[in-house]
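There are 2 protein chains.
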Amino acid sequence: MAYKAPLGDMQFVLQHWLRAEQDWQALPAYAEVDLELAMQVLEEAARFTGEVLAPLNGPGDRQGCRFSDGEVHTPEGFAVAYRAYVDGGWPALACDPQLDGQGLPQVLDAALQEMLYASNHAWAMYTGIAHGAYLCLKTHASAALQQRYLPGIISGETLPTMCLTEPQAGSDIGLLRSRAEPLADGSYSVSGNKLFISGGEHDLTRDILHLVLARLPDAPQGSRGLSLLLVPKWLENGERNAVYCDGLEHKLGIRGSATCALRFEQAKGWLVGEAHGGLAAMFVMMNSARLHVGLQGLGHAEAAWQSARDYALERRQMRAPRRPEQVPAAAADPIHLHPAMRRILLELRVRSEGMRALGYWAAHWLDIASESADPAQRAKAGQLVALLTPIVKASFTEQGFSLASKALQVFGGYGYTGEFPIEQTLRDSRIAMIYEGSNEIQANDLLLRKVLGDGGEAFGVLLGELRAEVAVGQASRVVFADALGEVCERLENLLPEVRALSIEDSEYPYRAAGDFLQLCATSLLAFAWARSARCVAGLAEDDPLRREKLESAGFCFDYLLPDFDRQLAGVRAARLPLPFVAGE
Amino acid sequence: MAYKAPLGDMQFVLQHWLRAEQDWQALPAYAEVDLELAMQVLEEAARFTGEVLAPLNGPGDRQGCRFSDGEVHTPEGFAVAYRAYVDGGWPALACDPQLDGQGLPQVLDAALQEMLYASNHAWAMYTGIAHGAYLCLKTHASAALQQRYLPGIISGETLPTMCLTEPQAGSDIGLLRSRAEPLADGSYSVSGNKLFISGGEHDLTRDILHLVLARLPDAPQGSRGLSLLLVPKWLENGERNAVYCDGLEHKLGIRGSATCALRFEQAKGWLVGEAHGGLAAMFVMMNSARLHVGLQGLGHAEAAWQSARDYALERRQMRAPRRPEQVPAAAADPIHLHPAMRRILLELRVRSEGMRALGYWAAHWLDIASESADPAQRAKAGQLVALLTPIVKASFTEQGFSLASKALQVFGGYGYTGEFPIEQTLRDSRIAMIYEGSNEIQANDLLLRKVLGDGGEAFGVLLGELRAEVAVGQASRVVFADALGEVCERLENLLPEVRALSIEDSEYPYRAAGDFLQLCATSLLAFAWARSARCVAGLAEDDPLRREKLESAGFCFDYLLPDFDRQLAGVRAARLPLPFVAGE
Chain A
1 MAYKAPLGDM QFVLQHWLRA EQDWQALPAY AEVDLELAMQ VLEEAARFTG EVLAPLNGPG
61 DRQGCRFSDG EVHTPEGFAV AYRAYVDGGW PALACDPQLD GQGLPQVLDA ALQEMLYASN
121 HAWAMYTGIA HGAYLCLKTH ASAALQQRYL PGIISGETLP TMCLTEPQAG SDIGLLRSRA
181 EPLADGSYSV SGNKLFISGG EHDLTRDILH LVLARLPDAP QGSRGLSLLL VPKWLENGER
241 NAVYCDGLEH KLGIRGSATC ALRFEQAKGW LVGEAHGGLA AMFVMMNSAR LHVGLQGLGH
301 AEAAWQSARD YALERRQMRA PRRPEQVPAA AADPIHLHPA MRRILLELRV RSEGMRALGY
361 WAAHWLDIAS ESADPAQRAK AGQLVALLTP IVKASFTEQG FSLASKALQV FGGYGYTGEF
421 PIEQTLRDSR IAMIYEGSNE IQANDLLLRK VLGDGGEAFG VLLGELRAEV AVGQASRVVF
481 ADALGEVCER LENLLPEVRA LSIEDSEYPY RAAGDFLQLC ATSLLAFAWA RSARCVAGLA
541 EDDPLRREKL ESAGFCFDYL LPDFDRQLAG VRAARLPLPF VAGE
Chain B
1001 MAYKAPLGDM QFVLQHWLRA EQDWQALPAY AEVDLELAMQ VLEEAARFTG EVLAPLNGPG
1061 DRQGCRFSDG EVHTPEGFAV AYRAYVDGGW PALACDPQLD GQGLPQVLDA ALQEMLYASN
1121 HAWAMYTGIA HGAYLCLKTH ASAALQQRYL PGIISGETLP TMCLTEPQAG SDIGLLRSRA
1181 EPLADGSYSV SGNKLFISGG EHDLTRDILH LVLARLPDAP QGSRGLSLLL VPKWLENGER
1241 NAVYCDGLEH KLGIRGSATC ALRFEQAKGW LVGEAHGGLA AMFVMMNSAR LHVGLQGLGH
1301 AEAAWQSARD YALERRQMRA PRRPEQVPAA AADPIHLHPA MRRILLELRV RSEGMRALGY
1361 WAAHWLDIAS ESADPAQRAK AGQLVALLTP IVKASFTEQG FSLASKALQV FGGYGYTGEF
1421 PIEQTLRDSR IAMIYEGSNE IQANDLLLRK VLGDGGEAFG VLLGELRAEV AVGQASRVVF
1481 ADALGEVCER LENLLPEVRA LSIEDSEYPY RAAGDFLQLC ATSLLAFAWA RSARCVAGLA
1541 EDDPLRREKL ESAGFCFDYL LPDFDRQLAG VRAARLPLPF VAGE
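Protein sequences appear in the order of chains A and B.
Per the working numbering, the first sequence starts with residue 1, numbered consecutively.
Per the working numbering, the second sequence starts with residue 1001, numbered consecutively.
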């Protein structure tokens, strides 16, 4: 698979769309980070992902992981690539410099993650949870545990896992049954069966640190009775801990990622955070993980766009009804000139670039939330991150998959074969809609907790950001500012309606949640492109970046924004009864 | 895979929705067919597909086809199942009784096809083209060719292929290069390379009849220079003809179907139809094939619905915000009670049943078009079939895939594994959007040829059918009739607008075609459910069929019809410029 990180667009987002440098200078932790340094880091990441990971993507899928005698062998080249990743210092990118981290902003980590997932989703699954585990341990683990285990995570010498799902407990973690019994030395004996554990066993690192949700003997029922335990594969005394891999799942995609069934048999572990406080500790990890899963969607969309574009530029079929003047006449035109293909290709470009701006925006707010000296700004940033996380997770992953399918269409029959990487992108991308809280869970989280939960306050903050863009855009006479203003007004009018309906009928928000999330996603896409258009408005008339961004913004507002009406109608339709589906 | 043909709903469509018996009695060819006979046939088909084909679906996918030394070995059990299919007389179902066919209506063949594709798409690929080839030879081949080859196709002793695609010529058959040179004995010497030939080689029958598009020496350039040749694998003298399989494609899905690269090396063949008239001869086959491909989408939707429903009735996660009175309280409810799952499940049911009504309707018009004694009715039926074919092909296949993805979501992580059949349904269903004319080609065919091509006449006939339903529904006080009336009015107003825009800007209809097709599909879905609601309106209040159909109709109009606005906006947005996407 050929993958070339879109460094130009990444720079556009950092430099113009986010104006990140200005913000970094105002944040003590990043005062010394500038755009030049940022781009140097991303160029290195582009080299690593393009030259090392992308070439392993197809072969890793075909080979898959091999399981024998409790051991997992990752595809050829995966371990060597991981060594290069560690040697490059990538695990430490956004970690605390006092702990030997590089102390770079999370927004750069977001760009790194996009590249990892775009070039090789399966490989990136092994490292995917590391930053979340770092945050979780740093926030909740005892000093002793931190001292023992954080350095390995930061250097990459060890890799963590998140052990949540059990056969009977997927979305509903209240049904978890794994047990942890306290031992005399302050540690715990952990037992239970965990399912769908990514990187539960592998040959990339010697040790693996399992973060396990389990119940203490005196635990209350349900999700409030869960505790988080750290269970290493190897104990300090050199003994193998009693955690065993019983097998691998055979999956639709990400076949190079080892998805393990794990068995804990009185394995030794240590409590992370409070007893029965596992959920809070886990959530630190999950929010970071959810943003990363959203970036998987962006990565897949970008990969799909690149491969469809390259193919469409080469493949010739039929004459196009119209062609640019400079294109010579031929028996058949390159298919990127055909209107149906242009619609697909533009949608791929416009959604990928729009997601990039929004995804990095969310990560940038994460930086502000944790590093701003101003408590009010930290609070605001925290509200925005909480609100944006489920939208990014659900809508990006949905787009990653649907755009992969649209891109596949560009290849015709060839797209259905293993000759091109697009069918793998389609398969790989599908999982992201399910794990880390299914997209349906995200929608409920957004509407019930994040929007209605605080009486609409955080939502008002988000609308304030959009309105600010409308104002700046109108002042700069950006043609899309008025349309974005209308979006804001309609969203603002919708909220009291949704609140009233939710009070009348407590099931209503559950019925409306899916469309509500999509509605927010469409609004944010319009916001992203209104701002992009505004950012290039000042460039020279003949600057190609200006032309391309304005064309993309036009496509977004003309061809994609009509989704808004459909989704708004969906939110309203949800007031109507939704029958139960009984069996036969 | 467990598959149970939805005989109850099939009967509902035949008996109430189509009132097929009345029409059959008016058609001389089917005067003796009644509902009882029809249902007996479908019950047999249900047994065959449920007991013989469905159990081979998963194993056939895992095993795939094997290629060695030019020979193709289909998955275990496929050949035995094919023998049972032939012994059951299924290939002859809708063939002419004077040629030993069973002379049953094509609408019953449509139901059979739905079952074949729902239970085992890969297996059904081998038989998929047979009826189209039968029609093609019956209409265009010489008496001698018919005599030699039709009996084998009708009995199933031989299987045909359609050899169209070449590496450089997919959607654009004008670029085909295969050659046919006349020989002294009236036959032809056929040479060229064909790609993506389904069933190009296999072990189900001894002989295989290839229908090959090629150019005669004096052929004009482009698609008007194509001739159709019949090239058997075995010659009458017992010699092997010079057609060779060079290998199989490795595909995303339908892995039990042999997708072959074929090489014709001065193979002996015979002209079917006129020299340079290959396209006309092929089109007889393609229209039938396109309707069948649409039925694949229906089959996948039905399979997805059945498996998601069954899983959702068993799997328990979390408490639902509301539950029916008769459901006992539990720590976790079956997930079919959760609103997000209900939306998915209802959409699966409502779209599957809606497609069934519409797909059988199209096939029923096919019967009227070929068998009515009244020339005016034949002409009208022909117009409707021509118009409905691209809509059915594109929109059903699109729905088959997107519904498979929605159903997969019901399974959570399990859906992503090989443990359940839904991931295979997702993979298998994707091809149908591509082959037999990609969905983009269908959209152009619909808007440019079928709707604008005759000045809107055929489209007016279709609208007349919808309007007639509005009138009957209003007379019976069916609540959905008014909403359908509004749909008709908006479509009627749209057409002059589309025509005017197409005259102003000849590229416009190409930009609008995709949304226009979807708009028609949504309108037809509303039509299907308005009629279904009207059909059950007279049943007893407590009849479960009445309750379920009315609930489904309500869901269609409340939750799905808002798509109409989006698609209408898309058709209108297409007046705006659509930039070219250049390379980097």
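None of these hints come from the bench; they were simulated from the model.
Fair warning: there could be bad hints in the mix.
To be verified - Among chain B residues calculated to face chain A with C-beta under 8 Å, some are:
1) Arg-1066
2) Thr-1165
3) Glu-1249
4) Arg-1309
5) Pro-1324
6) Leu-1337
7) Arg-1343
8) Tyr-1416
9) Gly-1418
10) Ile-1434
11) Gly-1437
12) Pro-1579
As the list claims (entries may be wrong) - Derived CB-CB ranges, DEER-like:
13) A:Arg-319 to B:Pro-1496: 51 to 61 Å
14) B:Ala-1079 to A:Pro-167: 35 to 45 Å
15) B:Leu-1145 to A:Arg-319: 31 to 41 Å
16) A:Ala-2 to B:Ala-1143: 24 to 34 Å
As the list claims (entries may be wrong) - In silico contact screen, one side only, chain B against chain A (beta carbon under 10 Å); selected entries:
17) Arg-1019
18) Arg-1206
19) Ser-1402
20) Gly-1413
21) Asp-1558
22) Asp-1563
Beta carbons: idealized from backbone N, C-alpha and C, even for Gly.
Going down the list of hints, with the structure as the test:
{"no.": "1", "hint": "Arg-1066", "in the structure": "16 Å, violated"}
{"no.": "2", "hint": "Thr-1165", "in the structure": "7 Å, holds"}
{"no.": "3", "hint": "Glu-1249", "in the structure": "5 Å, holds"}
{"no.": "4", "hint": "Arg-1309", "in the structure": "7 Å, holds"}
{"no.": "5", "hint": "Pro-1324", "in the structure": "5 Å, holds"}
{"no.": "6", "hint": "Leu-1337", "in the structure": "7 Å, holds"}
{"no.": "7", "hint": "Arg-1343", "in the structure": "7 Å, holds"}
{"no.": "8", "hint": "Tyr-1416", "in the structure": "5 Å, holds"}
{"no.": "9", "hint": "Gly-1418", "in the structure": "4 Å, holds"}
{"no.": "10", "hint": "Ile-1434", "in the structure": "6 Å, holds"}
{"no.": "11", "hint": "Gly-1437", "in the structure": "11 Å, violated"}
{"no.": "12", "hint": "Pro-1579", "in the structure": "4 Å, holds"}
{"no.": "13", "hint": "A:Arg-319 to B:Pro-1496: 51 to 61 Å", "in the structure": "28 Å, violated"}
{"no.": "14", "hint": "B:Ala-1079 to A:Pro-167: 35 to 45 Å", "in the structure": "38 Å, holds"}
{"no.": "15", "hint": "B:Leu-1145 to A:Arg-319: 31 to 41 Å", "in the structure": "35 Å, holds"}
{"no.": "16", "hint": "A:Ala-2 to B:Ala-1143: 24 to 34 Å", "in the structure": "56 Å, violated"}
{"no.": "17", "hint": "Arg-1019", "in the structure": "25 Å, violated"}
{"no.": "18", "hint": "Arg-1206", "in the structure": "28 Å, violated"}
{"no.": "19", "hint": "Ser-1402", "in the structure": "8 Å, holds"}
{"no.": "20", "hint": "Gly-1413", "in the structure": "5 Å, holds"}
{"no.": "21", "hint": "Asp-1558", "in the structure": "4 Å, holds"}
{"no.": "22", "hint": "Asp-1563", "in the structure": "6 Å, holds"}
Hint violations for this structure: numbers 1, 11, 13, 16, 17 and 18, all remaining hints satisfied.
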